[in-house]
Amino acid sequence: MLKIEGVHTFYGKIEALKGVDVNINAGEIVTLIGANGAGKSTLLMTVFGKPQARSGRVLFEGQDITRVPAHEIVRLGIAQSPEGRRIFARMTVYENLQMGCLPTDGSHFEDDVRMVFDLFPRLEERRNQRGGTLSGGEQQMLAIGRALMSRPRLLLLDEPSLGLAPLVVRQIFEIIKKINEAGVTVFLVEQNAFHALKLAHRGYVMVNGNITLSGTGRELLDNPEIRAAYLEGGH
Amino acid sequence: MAYFIQQLINGLTLGAIYGLIAIGYTMVYGIIGMINFAHGEIYMIGAFVSVVTYLILSALGLGYVPLVLLVMLMTSMLFTSVYGWSIERVAYRPLRGAPKLAALISAIGMSIALQNYVQLTQGARVKALAPVISGGITLMESDGFTVHLSYLQMFICVLTVVLMVGFSFLIDKTSLGRQQRACEQDRTMASLVGVNVDRTISMTFVMGAALAAVAGMMVTLYYGVVDFYIGFVAGMKAFTAAVLGGIGSLPGAMLGGVLIGLIEAFWSAYFTIEYKDVAAFSILVLVLIFRPTGLLGKPEIEKV
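As they're listed, the protein sequences go chains A and B.
So for the first sequence, my numbering puts the first residue at 1; every next one is plus one.
So for the second sequence, my numbering puts the first residue at 1; every next one is plus one.
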């Protein structure tokens, strides 16, 4: 479904991605784990061409989208809940969801809002509150909800567990599972390797802009290197 | 008392005009964080187009006032929209990633270029226009002073209120308005949810320019004279109004415009007319000392 082939991405002179290959099949949950600054978020943003890959290709369902503008990529069926959530802080929860449905023709808006509110009842309680006043967990819910409003076939999630209480993290992961079961392919970037690998069908490990390991979630969980680097000590 | 009310009317009329121009400054600032110094020139071009349209219409023998006004309004809005769109395209978009100072200098250059262009093509002399809307009503009379409200002043105030209501609706309730606010808050995220950021920025320039055209037409009707230099002074005042009200805030721009208009009118009436600009700008300085974000511009407190 999504194929990332030999992608190199630069911030100025700094090479953030050094030839990354990732393949995501329809229906999967694929996770990308790695330390802070490894280039995980950069990879998700490169899918949307922000920044554009300097070399290599990004293919979505066979179509080369490396140079397609971001506002058109979302119309092809990819949505992102980005690093830092990036809620529109001075818009209400409802308006944020309205923004999310922009790529659609709007005819399913009421149904889709209902679906998001059913997934995240907290958002319904807060529907007229400004995004900037929500708690971190609520903002995360809103970021995912907003992404779902575009009816994506592929959902990119950047660290949905960051800064959240363990109980909320568990809720969010359950919801990701539900979303996937409803037919949405999920590409999940996480530092919380244990939860992510348990949830995902397959995983990739990124170190300094390179993919160093890949395998099924189970394989990676059992890998001693992974255990030592990402799982032991508090996770 | 009568004198006071008369000045209030004059000040509000003037303030409405400043406010309409100020909206253009504040919207562009909101969306790309830059002061569009060529905006005063857009207003000046709007004034010129309305004069030229009026002259053409009267040459054609068209005299029905409401129709004349409507055609003047439409033509000047159309022309300034094209100018606003082109200015962004030519002078600002290529500098989108460049340091802010580069775009600012480009804006000043654009402003000078447009002034000279109008001076060359229309001549440096003042163009005069016979009153299109004349007459008015006498509101009250006391102490031997009559308070007069002209039909033109009514027209200006009513049109401004209508535009403001329509405009607020556009920004608050429509998809285009939401897209503009989204670009204002986080341009990258806006593009990730599917907003065509370039097109939205263009639309912002077009909308600001259309409002400036209305102001240009109003000034033409109100003072009856235009020249190529009116954009500079009015632009400075409107920019001041936008800062006074809190740059980035639409109601702030309108409030700032009205305040500047009132300050000018009252200062001219009760003190010396020569110092009316000094008064307006001094108030700006005072407000900024005590409220650096302007009257309605609140620093947003956000949880991270």
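Just so you know, these hints were derived from the structure itself, not from any lab.
The structure displayed is predicted, hence computed values, not measured ones.
Every residue, glycine too, gets a C-beta built ideally from N, C-alpha and C.
Warning: the hint list may mix true and false statements.
A few chain A residues that don't get close to chain B, going by computed Cβ distances all over 12 Å [what the hints assert, rightly or not]: (1) Ala26; (2) Leu59; (3) Glu72; (4) Arg75; (5) Phe88; (6) Ala147; (7) Lys177.
Residues from chain A that keep clear of chain B, each with C-beta distances beyond 10 Å, as calculated [to be verified]: (8) His8; (9) Gly19; (10) Phe48; (11) Glu61; (12) Pro103; (13) Glu110.
Computed cross-link-like contacts, DSS-like style, restricted to lysine-lysine with a CA-CA straight-line distance of at most 27 Å [stated by the list, open to error]: (14) Lys127/B / Lys50/A; (15) Lys13/A / Lys127/B; (16) Lys18/A / Lys3/A.
For a quick check of understanding: which of the numbered hints are violated here, in increasing order? 3, 4, 5, 6, 10, 12, 14 and 15
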